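As they're listed, the protein sequences go chains A and B.
The letter at position 142 of the first sequence is residue 142 when you use the working numbering, and the numbering goes up by one with no holes.
The letter at position 130 of the second sequence is residue 130 when you use the working numbering, and the numbering goes up by one with no holes.
For the record, the hints were derived by calculation from the structure and aren't laboratory data.
For clarity, every value in this text was computed on a predicted model and none was experimentally measured.
Check before you lean on any hint, since a few could be wrong.
Identical chains share a label here; the pair holds if one copy fits it or two copies do between them.
[Stated by the list, open to error] Derived lysine-lysine pairs resembling DSBU-like cross-links, with alpha carbons at most 30 Å apart: (1) 39 to 156; (2) 157 to 110; (3) 110 to 13; (4) 157 to 34; (5) 116 to 13.
There are 2 protein chains.
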Amino acid sequence: MHLLISHIQDHIKLTDIEAEFIANQIPLKYFDSKTLLLKSGDIATASYFVKSGVLRGYYTDDHLNEHVLQFACERWWIADLYSLLTQSPANLTIEVIEKSEIYILNQNLKEVLYTKIPKLERYFRILTENALIAQQQRILFTMSLTAEERFKLFCKKYPGLIHRVPQKQIASYIGVTPEFFSKMKSKLLREL
Amino acid sequence: MHLLISHIQDHIKLTDIEAEFIANQIPLKYFDSKTLLLKSGDIATASYFVKSGVLRGYYTDDHLNEHVLQFACERWWIADLYSLLTQSPANLTIEVIEKSEIYILNQNLKEVLYTKIPKLERYFRILTENALIAQQQRILFTMSLTAEERFKLFCKKYPGLIHRVPQKQIASYIGVTPEFFSKMKSKLLREL
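Only chain A is shown next, with the shape it has when bound in the complex (with noise of 0.2 Å):
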């Protein structure tokens, strides 16, 4: 089963001819942990769909402090959308944390996609609607819970992902100090 094909099926029907053209065209690759698919102040140049492993965007700020923005597991895409839509420099990096199989999705390829295939508008701006209620709710999230509470939010969105990811980086998501984060968890475990 192509994995990406199938997530696009999810939402729209495409012929065996349009399943197999959008196969052909977009690439899978394999990386390493550590790998940076795309580097802070680059342009990027592609979107990336996860067909197994972990991926972190993150954001370096002007102390070098990094904010983990978003984690991307098995069926989720990530891009910087600013840099791929404007041609700026990214703010993100977008990192490879374990190794990890993915769609390389270049955004000239999916500019002619939505000409052949126009339904894949729709395909995609389900997706980004998707993303946009997240992240809303990410920011009401940050201004009314308690770090707890987004840790509670953060295991149910991402399942299993605490085993997979270095605690800081888990901690950098919540909005916390690796320190707090530690003796957090360590309570709610202790509760559990």
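Guided by the hints, dock chain B onto chain A, whose structure is given.
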């Protein structure tokens, strides 16, 4: 000139028949300030496009503090996408800040329009991408910029809005107390 049709035509080409069809389906309504177009807890039914006036979308936390997530002035869309798409109770309240003329796009009609005029998928895909980029940048800026820098960005993003919206709402959008905002504004004005 029909402002919404012209906004759509900035992104996709419509035939005269399509433009007339859309214009006839989407009503323009007039609202006084303080009207609530959506109340948090209700199920959202529509998206709103501002012809004139200003709206704001805000979230009220458990301590009854209001957090402004978005302003919408002329030529902006605003909605609680989460509630619209999941049919769950809205997180946001959408309030009219100054007397406004608003095009109301009912969600059921939106689905009909996607079927009748599929290229509208492209229009909303592009708008949603832009909204996602704006929101992603907002998260990054909250993580990494000072309140002063965030205020300067607000003035750039919403030109002139500082004279149309209560200061405490701008303070909330930027993420500072009204008192801090007032001091910061005076300081910046002295520096000009």
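Status of each hint after checking the structure:
no.	hint	in the structure
1	39 to 156	both (29 Å within a copy, 27 Å between copies)
2	157 to 110	both (28 Å within a copy, 29 Å between copies)
3	110 to 13	both (18 Å within a copy, 20 Å between copies)
4	157 to 34	within (23 Å within a copy, 36 Å between copies)
5	116 to 13	both (15 Å within a copy, 17 Å between copies)
Every hint from the earlier list agrees with this structure, and none is contradicted.
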